[in-house]
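K.L.:
Sequence:
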Amino acid sequence: MKNKAITDREVDFAQWYTDVVKAAHLAEYSNVKGCIVFEPNGYAIWEKMQSVLDKMFKETGHQNVYMPMFIPESLLKKEGELIEGFAPECAWVTQGGAGNALEERMAVRPTSETLFSDYYSSKINSYRDLPKLYNQWCNVVRWEKETRPFLRTREFLWQEGHTIHETAKEAEEETLRMLNVYKTFFEEYLAIPAITGRKTEKEKFAGAEYTYTIESLMYNGVALQSGTTHYFGQKFSKAYDIKFLNRNNQQEYVYQTSWGVTTRMIGALIMVHSDENGLVLPPKIAPRQVAIVPIGNDEQIVQLANSICDKLKASGVTAFVDTTDRTPGYKFAEHEVNGIPVRVELGKRDFENGVITLARRDTREKITVDMNCDIVNEVKTLLDNIQSNLYDRALKRRDELTYVCQNMEEVEKIMNTKPGFVKAMWCGDQECELKMKEIRGTKSRCILENEEPVGDKCVCCGKKAKHLVVWGIQY
RNA sequence: CGGGGUGUGGCGUAGUUUGGUAGCGCACUUGAUUUGGGAUCAAGGGGCCGGGAGUUCAAAUCUCUUCACCCCGACCA
10 MKNKAITDRE VDFAQWYTDV VKAAHLAEYS NVKGCIVFEP NGYAIWEKMQ
60 SVLDKMFKET GHQNVYMPMF IPESLLKKEG ELIEGFAPEC AWVTQGGAGN
110 ALEERMAVRP TSETLFSDYY SSKINSYRDL PKLYNQWCNV VRWEKETRPF
160 LRTREFLWQE GHTIHETAKE AEEETLRMLN VYKTFFEEYL AIPAITGRKT
210 EKEKFAGAEY TYTIESLMYN GVALQSGTTH YFGQKFSKAY DIKFLNRNNQ
260 QEYVYQTSWG VTTRMIGALI MVHSDENGLV LPPKIAPRQV AIVPIGNDEQ
310 IVQLANSICD KLKASGVTAF VDTTDRTPGY KFAEHEVNGI PVRVELGKRD
360 FENGVITLAR RDTREKITVD MNCDIVNEVK TLLDNIQSNL YDRALKRRDE
410 LTYVCQNMEE VEKIMNTKPG FVKAMWCGDQ ECELKMKEIR GTKSRCILEN
460 EEPVGDKCVC CGKKAKHLVV WGIQY
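Residues in the first sequence are numbered consecutively from 10, following my numbering.
Because the hints were derived from the structure by calculation, they are not lab data. Model, not experiment: these values are computed from the prediction. It is possible that part of the hints are untrue.
Cross-link-like lysine-lysine pairs, in silico, DSS-like; alpha carbons within 25 Å at most [as the list claims (entries may be wrong)]:
id	residue 1	residue 2
1	473	192
2	472	444
3	154	141
4	154	132
5	213	141
6	405	444
7	211	293
8	322	211
9	86	211
10	293	87
11	444	57
12	340	389
13	322	141
14	322	405
15	405	213
16	86	57
17	87	57
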């Protein structure tokens, strides 16, 4: 009974989450405090995410580059707000080899705006050099005090896009365009409904003019900031002197953006879809989509398993035959805990009846199909079905956990009983934002720009409201 | 930084009071029987007890010291 340790997720969410991570062999806590070891199953999910996203970035005209992981202090300090925002969680290298102190200490990158800016400043001369649409896949280090696998680790993997443009308009469009790329990725691939909107002044990225965010709601009603896109305007280009000769033959500073998503998405995947039997992966992101389990070692059955596997692979489904020396029950449970969307069960009993059993991970239902049916088609339909069912299920839950509040009593009541997203009007005053925070750490998630207001008075002070805001308790 | 706790095969632990060089569960290996929801039986392998020093005929056990981790508090956000 090896993975029965996965407790009821209602009881202890943190423990349940950790159990799923371990049982599905996604990651182990490392001996390096606050860091994790990515196990093959976990890394495969990241690779899959990378391949999908990378394709989307290329399609929108971006190119991959790679910058150093060390940032000299003087370079990092050129832009005041950024260093202020990141100083508390910067790791510093102070020694080179042989124990010699460095003349200037270097930060291990917490983010690479400064390096990109420095690079751009020496490369850009004319409007003809613009835009530059770059992306980098790398790791970053932020010295967090409390850590949790995938959701908050000291070192994590991500992609960071950094673009520079000729005009503010173009850069602002890029900020929104990439936000929508993320939204598409979340909804179509991860099957996670996403709320997108602008961050408040208080919650925005250090150094940005403004920040857009993609927010998702976890199973237990806690919010997770899952990705961000930033518009920098000319803040960095002025600090790092990124000038170009514009079409009017005048020197001008470039307009800049950055955007990123991280391995935190793996955590989101777990907390949105998974259950007490372990991981549940949406078919489009599952590294292995179909597990074929022959029961017993009857030669005919093994042959059938192999032929089904070949057919599935030929049509682009990632399938494998599990011939390991384990009992069927063990294999079923193992593939379930690993989140493999569809399992094909082949045994003597079915064989004699001329049928095949298919088991779906999302609902754990089993269906039987005729042995002579178009098995590839059946499996593909089932995979599509699982993909959309996961999305629908998550959407329904998010809607059920989203409340509209008109005053502080209502907010308090909801946050203290069953947390979730709260939609409420806000006057734009930071005082009110701070008062909300006193209720179990409720923070503004984002400002909804394209939705109907739910009132005209600030939920906190009662004065005239400026924005419709989504609030929540965050990870 | 203050208070408390823990450290024993890969993991989880018993043994420490009352010294006699380690026991159990899971995992692992081999063989047989099995295989439709985490199999059974049998036989095996692996630890000198976080590190160092001391007391003793003899130390996982007592003493000193050191390291690591955890919890509470303080600090920081």
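K.L.:
Does each hint fit the structure? Answer for all of them.
P.N.:
Hints, verified against the model:
In summary, the hint linking residue 473 to residue 192 is not supported, as the alpha carbons are separated by about 31 Å, beyond the 25 Å threshold. With a C-alpha separation of about 14 Å, the suggested pair residue 472 and residue 444 falls inside the 25 Å cut-off, and the hint holds. As the CA atoms of residue 154 and residue 141 are separated by approximately 36 Å, the hinted pair breaks the 25 Å bound. Restraint check for residue 154 and residue 132: not satisfied, since their Cα atoms lie roughly 38 Å apart, outside the 25 Å limit.
Between the alpha carbons of residue 213 and residue 141 the distance comes to roughly 24 Å, so the proposed pair stays at or under 25 Å and holds. As the CA atoms of residue 405 and residue 444 are separated by approximately 30 Å, the hinted pair breaks the 25 Å bound. Proximity of residue 211 to residue 293 is assessed by CA-CA distance (about 36 Å); at most 25 Å being required, the pair is judged violated. A C-alpha spacing of about 50 Å is found between residue 322 and residue 211, which places the hinted pair above 25 Å, so the restraint is violated.
Taken as a hint, the residue 86 and residue 211 pair is honoured in the structure, with Cα atoms around 21 Å apart against an allowance of 25 Å. Taking the CA atoms of residue 293 and residue 87, the gap is near 43 Å; set against the 25 Å cutoff, the hint is violated. At roughly 41 Å between alpha-carbon atoms, residue 444 and residue 57 are farther apart than 25 Å, so this suggested pair is violated. Taking the CA atoms of residue 340 and residue 389, the gap is near 22 Å; set against the 25 Å cutoff, the hint holds.
In summary, the hint linking residue 322 to residue 141 is not supported, as the alpha carbons are separated by about 39 Å, beyond the 25 Å threshold. Taken as a hint, the residue 322 and residue 405 pair is broken in the structure, with Cα atoms around 33 Å apart against an allowance of 25 Å. A threshold of 25 Å between alpha carbons decides the hint, and for residue 405 with residue 213 the separation of about 29 Å lies outside it, so the pair is violated. Among the hinted pairs, residue 86 with residue 57 is inconsistent with the structure: their alpha-carbon atoms are about 36 Å apart, more than 25 Å.
Pair hint residue 87 plus residue 57 does not hold up; C-alpha atoms about 37 Å apart against a cutoff of 25 Å.
Against the hints set out earlier in the document, violations occur for numbers 1, 3, 4, 6, 7, 8, 10, 11, 13, 14, 15, 16, 17.
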